[in-house]
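Under my numbering, read the sequence shown as residues 1 to 297, first letter to last.
By construction, these hints were calculated from the structure, which means they are not laboratory data.
A couple of the hints might just be wrong.
[Stated by the list, open to error] Pairs of lysine-lysine, DSS-like flavour, derived with a Cα cap of 30 angstroms:
{"no.": "1", "residue 1": "LYS95", "residue 2": "LYS80"}
{"no.": "2", "residue 1": "LYS228", "residue 2": "LYS261"}
{"no.": "3", "residue 1": "LYS80", "residue 2": "LYS135"}
{"no.": "4", "residue 1": "LYS54", "residue 2": "LYS135"}
{"no.": "5", "residue 1": "LYS228", "residue 2": "LYS135"}
{"no.": "6", "residue 1": "LYS54", "residue 2": "LYS80"}
It should be emphasised that the depicted structure is a prediction, and the values quoted were computed from it without experimental measurement.
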Amino acid sequence: MSVSVCICTYNRADYLRELLEMLLDQNIGGDDEVLVINNNSSDHTSEVVQAYVKRLPIREIIEPEQGLSRARNRALTESKPNAIIFFDDDVLVGKNVVAEYREAFLRNPEHDFFGGKITVDWPDGNAPNWWSNHKFSLLDGLLIYYDLGPTTVTYDAHSRLPYGASFAITRNMVNQVGEFDVSLGVSGNSIGRGEESDYFERALALGLIGSYMPQAEIAHRFEPHRLKLSYLLRYGWAKANANAQLSFRVGLYNSGVQGLKGVYQYLRGRRGYAMQCAIMVGIYAGAVLKKKPKPSL
């Protein structure tokens, strides 16, 4: 089975170079392809891609319309194989990840999507103490940590659905579900959320089958700025905007409650809980002040 490995990128040329170098060990060949969707980058992304044209079956596609969802939609249009794998441009892929996705499609012809395990690439490989045995589902999304356990899990309406840093879908799914909602997701340097959840929820509503693949493991780079209070609040606000479009309604009262909880947890030295509360403040405040109806698709 041939696959299309799609990487949507914006001004991360050096990260992209490292990812392409890792793809050299993925046994990509034959009718496989690597698509780099350059989402209007102003750095040396194009030069990086050109350096790999003789080493990978790679094509660069320029998508001038800003936004990750627009870039992904362009990948859906441009990709040729029936199996489409998406990686974020700032991930580290294990040696057999592409092969694991390929085998998953072959073993499960009735499945239309898969989500891979994602760990955090902590500095020096050491996670902070507050992360140990954590129960911070919101920080999972913030740091791009996705682990449903050591075994394969079939998704249902109550599942934590795949994260955008690593997932795979079929052409059949694209034909049935359509495009990603361009009103959701990251756009340029702005934080955005919700486009993957929306896409996979639509797939499940149509009766499509998907599963979690712990064998397809990657790591997402740790970015210290994501743990700053200003970013936590912005992230929560962006998540609220997405949730509002997905019919999520909350009250301003809860924002104040979460703020007080956050201060309390911080004073007790429980940093992880305090950061989770900060995200919730942004979610609740943003949902109240930025209510939007879900757009028609």
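Against the structure, the hints come out as follows:
Using a Cα cut-off of 30 angstroms, the hinted pair LYS95 and LYS80 holds, with the two alpha carbons roughly 23 angstroms apart. Distance check on the hinted pair: LYS228 and LYS261 sit about 18 angstroms apart at the alpha-carbon level, within 30 angstroms; holds. For the hint pairing LYS80 with LYS135, the CA-to-CA distance comes to about 40 angstroms; that exceeds 30 angstroms, so the pair is violated. At roughly 45 angstroms between alpha-carbon atoms, LYS54 and LYS135 are farther apart than 30 angstroms, so this suggested pair is violated.
A C-alpha spacing of about 19 angstroms is found between LYS228 and LYS135, which places the hinted pair at or below 30 angstroms, so the restraint holds. Between LYS54 and LYS80, the direct Cα distance comes to roughly 20 angstroms. Compliance with the 30 angstroms bound is thereby established for this hinted pair.
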